[in-house]
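*Asks:* Start from chain U and add chain B with the ligands according to the hints.
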Amino acid sequence: MGGLKRVLAVAANTFRETIRERVLYNLVFFAVLMTLSGLLLNRLSIRQDEKIIKDLGLAAMDVFGTVIAIFIGVGLVSKEIERRSLFPLLAKPLGRDELLVGKAAGLAFTLLVNVAVMSAGLYLTLLLTGRVLDLGLLKAVYGIYLGLVLVLSLALLFSTVTSSAVASVCTVSVVVAGRYSDVIRNMDQVTKGVPSPVTEFLYWLLPNFRNLDFKNAVVYGLPVPFDVVALVTVYAAVYASVVLLLALVAFRRKDFQ
Amino acid sequence: MRGVRKSYRVGHIRQKLRPVLKGLDLTVPRGEVFGCLGPNGAGKTTTLKILVGLLRMDAGEARVLGRPLGDRAWRYRVGYLPENPYLYDYLTAREYLEYVGRLFGMSAEARKRRATELLERVGMSRAADVALRRASKGMLQRVGLAQALVNDPELVILDEPMSGLDPLGRHLIRRLILELKDAGKTVFFSTHILSDAETLCDRVALLRDGQVTAAGRLADILAIDVTHMEVLVSALSVEQVKTIAPELPARNLGERWRLEVPEASVGQVLDKVRSAQGRVLSVLPMRQSLEEFFVREMAPGQAEGAWEG
Ligand SMILES: Nc1ncnc2c1ncn2[C@@H]1O[C@H](COP(=O)(O)OP(=O)(O)O)[C@@H](O)[C@H]1O
Ligand SMILES: [Mg+2]
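Going line by line, the protein sequences match chains U and B. Take the first sequence: its letter number 181 is residue 181 in this note's numbering, and every next letter is one higher. Take the second sequence: its letter number 55 is residue 312 in this note's numbering, and every next letter is one higher.
No lab work stands behind these hints: they were computed from the structure. Hints are not guaranteed to be accurate.
What the hints assert, rightly or not - Here are the simulated lysine-lysine pairs, DSBU-like style, with alpha carbons at most 30 angstroms apart:
hint, chain 1, residue 1, chain 2, residue 2
1, B, K499, U, K79
2, B, K529, B, K499
3, B, K394, U, K254
4, U, K139, U, K51
5, U, K5, B, K369
6, B, K438, U, K254
7, B, K438, U, K79
8, B, K438, B, K499
9, U, K254, U, K79
10, B, K369, B, K394
11, U, K51, U, K5
12, U, K254, U, K5
13, B, K279, B, K369
As the list claims (entries may be wrong) - Label-pair distances were calculated between CB atoms; the ranges are:
hint, chain 1, residue 1, chain 2, residue 2, range
14, U, A165, B, Y333, 30 to 40 angstroms
15, U, L127, B, A330, 37 to 47 angstroms
16, B, G323, U, D227, 53 to 63 angstroms
17, B, L274, U, F109, 53 to 63 angstroms
18, U, T233, B, L274, 28 to 38 angstroms
19, U, S196, B, G327, 43 to 53 angstroms
20, B, V387, U, N186, 28 to 38 angstroms
21, U, F109, B, D439, 39 to 49 angstroms
22, U, V238, B, R383, 46 to 56 angstroms
23, U, N186, B, S364, 57 to 67 angstroms
Unchecked claim - Anything over 10 angstroms on all C-beta distances counts as not near chain U; from chain B, calculated:
hint, residue
24, K306
25, D477
26, T500
From the three backbone atoms N, C-alpha and C, an ideal C-beta is built for every residue, glycine too.
Chain B with its partners taken away, still in its complex shape:
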């Protein structure tokens, strides 16, 4: 997507345009799991809806699997799960999936087989023949995911796939996403749950206020300012620790101490620990968690575009 812009019309009598996407640039590499992160209202859903053709963009250019949006051919190779999917509630899960299969031009037999297989995969075999009007939120989410996979898509676009699911369901979706990745598929999903992104994504893009503020490999984004090392030591008394590192943040973890040491003085600190008969357990670069990054990045007044270029 290049320079995508979108405004919603708001208000009834005097309609005003409310810009939601303000020149969004985004590239999802094939074969990767790509997370679209951002607080509520950042424009994630809007972005995905434009991609699948539910909304028209006001300006910009977008391609899906290398093809322009207007082209219908890519739709055979893409799966989409909307946010809080609303599925026909007068159908059962199996009927819904078979109907979707029919839209893809699958034969009756292929549809049946695929529906059974997918229901199994999303753990809905037992509720396959219950009308969806009686289904719980979690069940709908599972069927929603299954319907996105009917055509064995190369690119799967998921809008908040974990929302409304219990821990079991989330685990299942995570596993499914990783299975898709192993099968060489591309998964593009939006979420505001950072731990999901952290465990699943190869790359992420951070959306804020209709723009991408950071994008890239998770490791790169998070390691971008490793300035401190975490040194874990043991067999030292409080006094010893105080003399070794008088100004450094240190935390007592029972037998052990955790010291945050600037990179430059790591050698010095290690020498001191050894000469005090202490034991060095580990020295690790202090990567910030995605959450820390997110909070800093989304803080108001933060210089915009800090990660661009």
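Chain U extracted, bound-state conformation:
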């Protein structure tokens, strides 16, 4: 019980940190982008503009979200470990597991707020340009958010095992590779000599962002069945938990020199 309270305390403080450190400034850019595209498209009044706004909005949400997830996942956690700010806190009854889980929860909440505000911005743009509010978009937003949680967990893992510079490089590489994991899977057909079990293993190891991506389906009105959403939720939850567990193991063994 006390443990949960401490996790919440850390999470709340982490969220406060992201606010104070002005992490959410990206929202301003998003707002500007949405407003501009809304105005522009209104002028042009193309038939397809609704799809364009949705497409652009969701893509921007994905990109901004990912950048922020890497930024806070590596930046804030490495900073915490490399500077000595944890020294006083780890002598308190706060367990290392509780600390890391609290951090993860606080950052995940930051990402949620981020995505929520961006969604609101997208809907506002649609509203102001006189479109119908398509609640189906939320499925895509949800997929984006799951992806961000995966990115965050990877960033946390890398931050606990290496320096911030290496952690950023690793996180970015894995995220990019995860986005193009199909390429890796088909690598054995392109380059001879790479044994297919290796590429297959890599494919399964990397986070599969494609499965979480409902953007096109939603924009073009294709069905996204509920059981698919449930399945990718389970996938993301399991993946993030395993990665976080590895981070916990690494963090526990750490010497704070």
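*Replies:* Same frame as chain U, now just chain B with the ligands:
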């Protein structure tokens, strides 16, 4: 702590182990102010970090308040101030203390009260709501001390508590340490500033090169070789002094003379002074200062372990 050993890994490609603590034994009695002294690099910080669980020891055994290190319960009863504390700079002093209170499971009201009280005690009331990123080194040190006291700990572990403080701040910390002692708390602090140790500590341990070379009551350690007495006399001329004590070191202090007399010949010297119509002002055992002791103890080539056993 018994036989504690610790090595750091150094180097990137071929990592070597660099031993820092080489079988450290240390016992801090409850209710006392205990100073951990030693030159820079002696291993003081490493020792304290092992105690609070920031570092793992390679070998040995340590207990805090009678409990093994792995046990979490003692953490409710201990306060720790790291060396040059780095506190969240996006918080204010008050917010930081309230956050720490939350980690101890204190209620919102209790946290608020405790923060206000501690800020007052460390003289930070006026800067309570300034973001710590704008705080000076001295202010951080004060808030650092306050955060170590949030849970009203029985044992307070302070790593160089006086470093970076102006005379006012040092005085404040000294006063706080003595207040803690009066309240029956145990204070274990490291320092390389000997005068602090001399005025505050009941006991000290001298660390050198990862080992305790001397430990015990300050008075015992320093009085251990009282062989000379300091005799203060007046109303004597230079010639008289020379005849009384031809080979003894004597120093003129205006009207008075300070003689360093071996214990055995004190009576003889006093008789001579009186027969020369001189006045004896005082006779005191010549305790060495902690500094003299320290310098001798840390001198290279000094027989190690001279004070053990
Ligand atoms: N992270 C580290 N890596 C390698 N050596 C270290 C590290 N931290 C401290 N040392 C070495 O360990 C020794 C003891 O350091 P420390 O415990 O900080 O001493 P003190 O606090 O008494 O000045 C020093 O020689 C120092 O150079
Ligand atoms: Mg030190």
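*Asks:* Taking the hints in turn, state whether each one holds.
*Replies:* Checked hints:
1. The straight-line distance between the Cα atoms of K499/B and K79/U is roughly 69 angstroms, outside the 30 angstroms bound, and the hint therefore fails.
2. Note on K529/B and K499/B: the hinted pairing holds, with a Cα-Cα distance of about 11 angstroms set against a maximum of 30 angstroms.
3. This hinted pair checks out: K394/B and K254/U have alpha carbons roughly 28 angstroms apart, not beyond 30 angstroms.
4. Restraint check for K139/U and K51/U: satisfied, since their Cα atoms lie roughly 16 angstroms apart, inside the 30 angstroms limit.
5. Between K5/U and K369/B the CA atoms are separated by roughly 17 angstroms; this keeps the pair inside 30 angstroms, and the hint holds.
6. For the hint pairing K438/B with K254/U, the CA-to-CA distance comes to about 34 angstroms; that exceeds 30 angstroms, so the pair is violated.
7. Taking the CA atoms of K438/B and K79/U, the gap is near 36 angstroms; set against the 30 angstroms cutoff, the hint is violated.
8. Straight-line distance between C-alpha atoms of K438/B and K499/B comes to about 49 angstroms, which puts the hinted pair past the 30 angstroms bound.
9. With a CA separation close to 15 angstroms, the supplied pair K254/U and K79/U stays within the 30 angstroms bound.
10. At roughly 24 angstroms between alpha-carbon atoms, K369/B and K394/B fall within 30 angstroms of each other, so this suggested pair holds.
11. Straight-line distance between C-alpha atoms of K51/U and K5/U comes to about 45 angstroms, which puts the hinted pair past the 30 angstroms bound.
12. The hinted pair formed by K254/U and K5/U meets the criterion: a straight-line CA distance of about 24 angstroms does not exceed 30 angstroms.
13. Note on K279/B and K369/B: the hinted pairing is violated, with a Cα-Cα distance of about 44 angstroms set against a maximum of 30 angstroms.
14. Roughly 38 angstroms separates the CB atoms of A165/U and Y333/B, a value that falls within the hinted 30 to 40 angstroms.
15. For L127/U and A330/B, the hinted distance range of 37 to 47 angstroms is not satisfied, since their beta carbons lie about 56 angstroms from each other.
16. Distance hint for G323/B and D227/U: a CB-CB separation of about 57 angstroms, consistent with the stated range 53 to 63 angstroms.
17. Between L274/B and F109/U, the C-beta spacing of about 42 angstroms breaks the proposed range 53 to 63 angstroms.
18. In this structure the supplied range 28 to 38 angstroms is violated for T233/U paired with L274/B, their Cβ-Cβ distance being about 47 angstroms.
19. Between S196/U and G327/B the C-beta distance comes to about 47 angstroms, which sits within the given range of 43 to 53 angstroms.
20. Separation of V387/B from N186/U is about 58 angstroms and departs from the stated range, judged on CB atoms against 28 to 38 angstroms.
21. For F109/U and D439/B, the Cβ-Cβ distance of about 45 angstroms falls inside the hinted range of 39 to 49 angstroms, so the restraint holds.
22. Evaluation of the 46 to 56 angstroms hint for V238/U and R383/B yields a pass: the beta carbon distance comes to about 52 angstroms.
23. For N186/U paired with S364/B, a C-beta distance near 59 angstroms keeps the hint of 57 to 67 angstroms intact.
24. With a closest Cβ-Cβ approach of about 7 angstroms to chain U, K306/B is found to fall inside the 10 angstroms limit, against its non-interface label.
25. The claim that D477/B lies off the interface holds: its Cβ sits roughly 31 angstroms from the closest Cβ of chain U, which is beyond the 10 angstroms cut-off.
26. The Cβ of T500/B lies farther than 10 angstroms from every Cβ of chain U, with a closest approach of about 64 angstroms, so its non-interface assignment holds.
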